[in-house]
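The chain contents come next:
Protein chains: 2
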Amino acid sequence: MLLSGGLDSSTALAIAKGTGFACYALSFDYGQRHLAELDAARAVAAAIGVVRHEVVRFDLRTFGGSALTADVAVPKDRDPTEMAEGIPVTYVPARNTIFLSFALAWAETLGAGDMYMGVNALDYSGYPDCRPEYIEAFERMANLATKAGVEGRQRLTIHTPLMRMTKAEIAEKAIELEVPLALTWSCYEPQPNGLSCGRCDSCLLRRRGFADAGYEDPLRYAD
Amino acid sequence: MLLSGGLDSSTALAIAKGTGFACYALSFDYGQRHLAELDAARAVAAAIGVVRHEVVRFDLRTFGGSALTADVAVPKDRDPTEMAEGIPVTYVPARNTIFLSFALAWAETLGAGDMYMGVNALDYSGYPDCRPEYIEAFERMANLATKAGVEGRQRLTIHTPLMRMTKAEIAEKAIELEVPLALTWSCYEPQPNGLSCGRCDSCLLRRRGFADAGYEDPLRYAD
Chain Z
1 MLLSGGLDSS
11 TALAIAKGTG
21 FACYALSFDY
31 GQRHLAELDA
41 ARAVAAAIGV
51 VRHEVVRFDL
61 RTFGGSALTA
71 DVAVPKDRDP
81 TEMAEGIPVT
91 YVPARNTIFL
101 SFALAWAETL
111 GAGDMYMGVN
121 ALDYSGYPDC
131 RPEYIEAFER
141 MANLATKAGV
151 EGRQRLTIHT
161 PLMRMTKAEI
171 AEKAIELEVP
181 LALTWSCYEP
191 QPNGLSCGRC
201 DSCLLRRRGF
211 ADAGYEDPLR
221 YAD
Chain L
1 MLLSGGLDSS
11 TALAIAKGTG
21 FACYALSFDY
31 GQRHLAELDA
41 ARAVAAAIGV
51 VRHEVVRFDL
61 RTFGGSALTA
71 DVAVPKDRDP
81 TEMAEGIPVT
91 YVPARNTIFL
101 SFALAWAETL
111 GAGDMYMGVN
121 ALDYSGYPDC
131 RPEYIEAFER
141 MANLATKAGV
151 EGRQRLTIHT
161 PLMRMTKAEI
171 AEKAIELEVP
181 LALTWSCYEP
191 QPNGLSCGRC
201 DSCLLRRRGF
211 ADAGYEDPLR
221 YAD
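Quick mapping for you: the protein sequence lines, in order, are chains Z and L.
The first sequence: position 139 = 139 (the working numbering), numbered continuously.
The second sequence: position 52 = 52 (the working numbering), numbered continuously.
Excised from the complex, chain Z in its bound form:
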C-alpha cells in the first residue's frame, strides 16, 4: 500500500483495510520540500491500523526537474481547465515508478500478491504516471520482474480503487469509511503557521471535492 498521507491514499488504505487485507504501508522521504505529508502518513497509518509502516529514504533532488524537489515555484490559483492542460511543474519525474518499484520489492519479500495505490485519473492534476494505461503496463512488467512471477506461483495485482472516481466521490467514500480526515495532508506548500495554503493544485482539487460532495473538510486553509 503506497501511503502519502493525502486524501486519496488514506482513502485507498481504508478501502483495502475494509476489504479484509492485513495492510503494510509504505511512504517515502525523497527530498520533497516539506515533511508534513510524512507526519500525516504516520498518523493515518496508526489510526486506520496497519501491520507495519515503513518510510524509505532517498534523495530525488539529485536529479531535480520538479517544483516539488527543486527551487521552482508551486503554481497557485489555477482553474480546473488550466490544470487539465498539460503536465504541471509539480510533476516529479518517474516518481510513481520509483514508489511502485519499492512497493514491488516489499511485496515480493512479504509474499504479497496485492498492491494498493490511491491514483486517480479524473482529478489527477495531469501526471502521466497516474493513468490507467501506465498502471497496467507497470503491473505487466512487475509480473515479469519477480521470482514469484517467473515461477508462476503468484500473480501481482495493482489495485487502484479511486482510478475513476471524482474528488467529490473520493471525499464521500472517505466520510463513509471514517477516514481520519483531520490527520491527512494534501497541500504542496504548507504555511509557516501550519495551515494548508489553499491555493496549490492539490488544495484546490481537494477543496472543490469536499464542496461538490457537500461535506466540510476538517483541514484549515490559510486562504
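Worth double-checking, as some hints may not be accurate.
Copies of the same chain look alike in the list, so a pair counts if it works inside one copy or between any two.
Simulated crosslink set (EDC-like; lysine to aspartate or glutamate; CA at most 16 Å straight-line) [stated by the list, open to error]:
{"hint": "1", "residue 1": "147", "residue 2": "85"}
{"hint": "2", "residue 1": "147", "residue 2": "133"}
{"hint": "3", "residue 1": "173", "residue 2": "212"}
{"hint": "4", "residue 1": "173", "residue 2": "216"}
{"hint": "5", "residue 1": "17", "residue 2": "178"}
{"hint": "6", "residue 1": "17", "residue 2": "176"}
{"hint": "7", "residue 1": "147", "residue 2": "176"}
{"hint": "8", "residue 1": "17", "residue 2": "114"}
{"hint": "9", "residue 1": "76", "residue 2": "223"}
{"hint": "10", "residue 1": "173", "residue 2": "139"}
Please keep in mind that the hints were generated in silico from the structure rather than gathered at the bench.
Mind docking chain L on chain Z? Use the hints.
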C-alpha cells in the same frame, strides 16, 4: 547508464561511450553487504570518462529477502548446471526495477532518450529481472510513465548490448574496448585481504568467461 562497477556494466559503458554517447553513470548504495563495487564504479566511470556519475542511496535491508542484503550465506562452488536451475538466494527482490526507475527519473530530467544496462540473459545466474521480456516490459511502461512519452516528444530506448553474449564474448569485448578490467569488481563476498573470493556465482561466471575466451583476468582471487 546503470553502472555497478562489474565486468558487464563496465563493458556496457565502454560500448555506449564508443557509440558516441555523452554518458551519465548511475550507481546505488542500497545496503549491499560490501561497498567494493561502488569504489569500482567510481574508478571505472573516471577511467572510461563520463559527464557525471551519481550514487543514489537507500536501504533495501528494510525489506530483506536476499543474501546480498540480509544475513544469509552467499552460495559457493556451484557448477553452471546448478546455477541455471532456479533463482539463487543472491537475487535481490525488484532490484533492477528500482535501479531502472531511478535511471528513468534521471533520463527524464536530462532529456535523454537512451538508457544502457549491462544485463545478460545467458550467464545471468538465474535472475528474473535480467531477461529480455522483462526489459521490454519495463521499456513499454517507461514510455507511458513520462512527460516526454505522453507528449510524444521522445521515445525512451533501453539498450542491453550484452543481452545475448556469453561471458567469454563479454570478456573479449571488454579487452577489445580496453575496459580497465583491473578496476572492475564482480565478487559477492570480498575477502578481508581485499581479494575476490573466487567461489561465489559471480566470481565463477567471470573466471569461466575469461578462461573460455583465453584471456587473463587481472583480478586476484583468494581461491
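Evaluate residue 173 and residue 216 at a C-alpha cut-off of 16 Å and name the case that applies: within, between, both or neither.
within (14 Å within a copy, 66 Å between copies)
Up to 16 Å between alpha-carbons, please classify residue 147 paired with residue 176: within, between, both or neither.
neither (38 Å within a copy, 35 Å between copies)
I want to check one pair: residue 17 and residue 178. Are their C-alpha atoms no more than 16 Å apart within a copy, between two copies, both, or neither?
Only inside one copy: residue 17 and residue 178 sit 12 Å apart there, 56 Å across copies, limit 16 Å.
Taking 16 Å as the upper bound on the Cα-Cα distance, should residue 76 and residue 223 be classified as within, between, both, or neither?
Within one copy only: 11 Å inside a chain, 64 Å across chains, cut-off 16 Å.
Please sort residue 147 with residue 85 into within, between, both or neither, judging by C-alpha distance up to 16 Å.
between (41 Å within a copy, 13 Å between copies)
Are the CA atoms of residue 173 and residue 212 at most 16 Å apart within a copy, between copies, both, or neither?
within (13 Å within a copy, 64 Å between copies)
Cα distance capped at 16 Å. Does residue 17 pair with residue 114 within a copy, between copies, both, or neither?
Intra 12 Å, inter 41 Å, cutoff 16 Å: intra-copy only.
At most 16 Å between alpha carbons: which applies to residue 173 and residue 139, within, between, both or neither?
neither (25 Å within a copy, 35 Å between copies)
Using 16 Å as the alpha carbon limit, work out where residue 17 and residue 176 are close: within a copy, between copies, both or neither.
within (14 Å within a copy, 57 Å between copies)
For residue 147 vs residue 133, is the C-alpha pair at or below 16 Å within one copy, between two copies, both, or neither?
Between. Shortest inter-copy distance 14 Å satisfies the 16 Å Cα cut-off; intra-copy 24 Å does not.
Hints 7 and 10 from the list above are not met by this structure, while the remaining hints are.
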